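Q: What follows is each chain in one-letter form.
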Amino acid sequence: MTEQTGQKGKGPLIYRQSIWTRVTHWVWAICLFFLLLSGLQIFNAHPALYVGQQSGFEFDNAVLEIGAVNTDAGARGQTTIFGRTFDTTGVLGMSGSAERPQFTAFPGAVTIPSYRDLATGRVVHFFFGWVFVFTMFIWFLASFINGHIRRDIVPLGADIKGVPQDVANHARLRFHHGRSYGPLQKLSYFAVFFILFPLIVLTGLTMSPGMNSIAPFLLDVFGGRQTARTIHFVVMLLLVGFFIVHIVMVLAAGPFNELRSMITGWYRASPGTPASQGDKP
Amino acid sequence: MNGFKLNRRKFLGMSAAAGSGLILSGCDQFDFLGQRDNQVRAVLEQANVLTYQVQRKLIGEQTLAREYSPSEIRQGQRPNGSTNPSTAEYAALRAADFANYRLTIKGMVEQEMSFSLAELRNMPARSQITRHDCVEGWSCIAKWTGTRLGAILDMARVKPEARFCVYHCYDNIQTSLAGDILYYESSDLVDAYHPQTILAYGLNDQTLPVANGAPIRVRIERALGYKQPKYVHTIELVDDLSPFGQGKGGYWPDNGYDWYGGI
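In the order they appear, the protein sequences are chains A and B.
Sequential numbering of the first sequence, starting at 1, is according to my numbering.
Sequential numbering of the second sequence, starting at 1001, is according to my numbering.
Keep in mind that the hints were calculated from the coordinates and are not lab data.
It is possible that some hints are incorrect.
[To be verified] Listing some non-contacts, in silico: residues in chain B with all C-beta distances to chain A over 12 angstroms:
1. Thr-1083
2. Met-1108
3. Glu-1112
4. Met-1113
5. Ala-1151
6. Ala-1162
7. Arg-1163
8. Gln-1174
9. Asp-1180
10. Pro-1243
[Unchecked claim] Under 7 angstroms between C-beta atoms, here's a sample of chain B residues computed to sit facing chain A:
11. Asp-1031
12. Leu-1033
13. Gly-1034
14. Leu-1044
15. Arg-1066
16. Arg-1131
17. Asp-1133
18. Cys-1140
19. Ile-1141
20. Ala-1223
As the structure is a prediction and not an experimental result, all values here were calculated from the model.
Cβ coordinates follow ideal geometry from the N, Cα and C atoms, glycine included.
One chain only, chain B, in its complex shape (with noise of 0.2 angstroms):
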């Protein structure tokens, strides 16, 4: 009836050949694409650009992530990233129960400032039941309590020049042959003066732990977990990010991962 009579023999043979040209089309042809200052990768990243754009035009600057109920905190918040800081002069903090330690805010503000563990707690707080994303995939609802980092830089006065907030960090998050390479992380200043967005020291009704980093942790609650770092000890008000680290704003963003993290 149709022109094209079908032997059984030749059709198998052609799936096949199709299907392993499908298994064999993985492999490492694309391997190149992880070569972090490859050209074609280069025009790849310009997605992520793309989305931040987008994001930022299509929510509200004040839109809020979803707060959960206290019913939904099933476990503890699941550590990541790193755990137990050995860096000097975080140990010596640790050891006297972080009674030295200070915030410092610094950079481009009319006023720099430096704050106690005490000065932020009395501080009016803000508690939010959120879920944090971790980049990997996983998921886990934990209420924070904090300061909002928001009111904090409008006591510094920020300068119109400002564009970023450079969180710097107590962690070693690796080690290399040229020492320590400490964790540290940026934000636009719609993400840092975002009403949930709030220095931590309070994790599920108790004081922030160290594996989850104590004694502040930023928490900016519409981005993937490694724009939530810890250990801070200075936020830095920049117009440029190029001076840090490798340049793309974070310790995480340096290594290849978009500097956004909304998606």
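Chain A on its own, in the form it takes in the complex (with noise of 0.2 angstroms):
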């Protein structure tokens, strides 16, 4: 076995990913999905999100509305964010061709199911958001007993520090492929793990009203049922957000590589990565 200090030819194999974080990973992945198309629907049944506890239909705490309204070019999809309305008609508000004009908030073809059924939306979201929670909790344990949180999750003083030369490094698609993490990538998996999931979760609790009588601190912490149903998709933004950036971010860095790593396990490592026991050249 050689050293491999030089900058050319193939760095090391190594194994990067264990069996719990690929699992996780990919289990993940279906859950958010479906989250997302069921919760589009469940969303579409009232486009509007509120702050407080209640929701103003005679007094206005609305931040956000998405509809349909009658113009005199026909009808055109609205939304207005914070007062300021915009026209969305194909995407938001009034979507399908012109012929069969499809008017729900958000279209159908990134809803479960396509058409209006939010009893459908409910069972496909409340069955994935169990499955969603469990799979959590099955990460949270192994990653916190086989050191992938310490390793690789929580930035330390050094990662922070070297934000601004990972950031010049992204910026021009220049990657370094270790054993670990890099700070952005630390970073942005603690957002998502310890901030945007855990989030996503309690504000989805707090919408339940059985919830909210053992846990009614809940509405508390969120500022109200309302508050915690607009944060609910505010999240589901950011996560959406994550998701663009970490594809783009996969296919920028090497899909096939990538993608091995997250299935088998084996990552192939930058050129003069140091070896370690258990590589495979």
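The two chains are supplied separately, each in an independent frame; assemble them into the complex guided by the hints.
A: Rendered as structure tokens:
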């Protein structure tokens, strides 16, 4: 075994992702797909978001409203955010073809089912909600024990210092494939696992009148049931944003290598990565 | 430096392919889950049974729903579902200002009973300012006044084998070729005996309006709006929900919604 210090040739094949990381990754991927599409179905049943305990019908506490309006030019889709109204015909409020317009907030292409069916949206959402939370529990337990959280997720001082350099490298699409994650990777995964995932679960539970009776403090923490619903929606948007960046990074960093590591666990590190026991050449 | 030389064109092409794959994925491949008798759906629905069981274990039988201060009543109670029943029976009662209304308690009780509206109003009352959460997603805070259902059930002496209360209503929520479909709902006895479960005849210090369920509406405060049946005329104690409606325990559960309604 020779120590690879040169910049040429292949780096070592390292065992990077444990079985726990890989299985929970794919279970989550499936869950989030169904949770997103069924969640948009549920949102379509009342396509407005508010701040506070209740929804203002005789006063205005809405921060987002999506709907269709009749204008001189015919029906149009409209989205109002913080009092500012935008024409979103074709995407939000009104979509589909001119002959067969569809008047739902989010179009049928991104909801499960594709037609209006709140009951089914709820069935799908709560099933995958349970699987999601169960998987989260498994991940936290396994990753705490096997050191994944400590090694790869929690950003340390050195990681924070390395952020500017890492941003510069990302901007040039120049990636270092190391044994553990880079500063930006750590920061984004930390945000997802320790902020976004707990937030979306807790705001979801805050919408349950049953849970409100046993955990009324959640209503206070999130500033009311309707605020919790708004936060749930915003966290959804952040997770969609994370997903898009995640996919772009996988494509940019080498989709074959990245996918292999998340399926088999084995990852081709950059040339020059110090060898370690268990590596394959 | 690294092994993967990024070709900008290839990169953009792959991104576009991934993006369009995401858009197409939603369409209608999962519409089969909307079929009420689908086997996969039946599996997914088990999650609602789990939710019910976990919440019942987690939450005390007497644990109260949050009550709000009067200043948080900022609007009228938004009516939804039936707002003006058109059945002849209800129209006649309404014309006489519900003077002839009787609430009947029957089924698995030692003593079947019935109460006039005046009798219900003369019993010890409970008022509560609570938040009404519609399954659609909106919430509305209002003050509800009524008679505790638990006290009435105690008067009728519920038999030990009873497991559910079925709430029969006057409103024709849907009209089909076979005639009117009348609203009904049901709850377990935990919800029926819950301290905040009342037969409400008052809303925001006024007589309960027709749009909100006059003369009597059941309030089950730890559940969604569809578990608060309006225009109730009979409460039946049973050990089995299958003989009623489509057998799922309520009009909306018959239409695919979860029976528990606590989430």
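Q: Which hints from the list above does the structure break, by number from lowest to highest?
A: Of the numbered hints, all hold.
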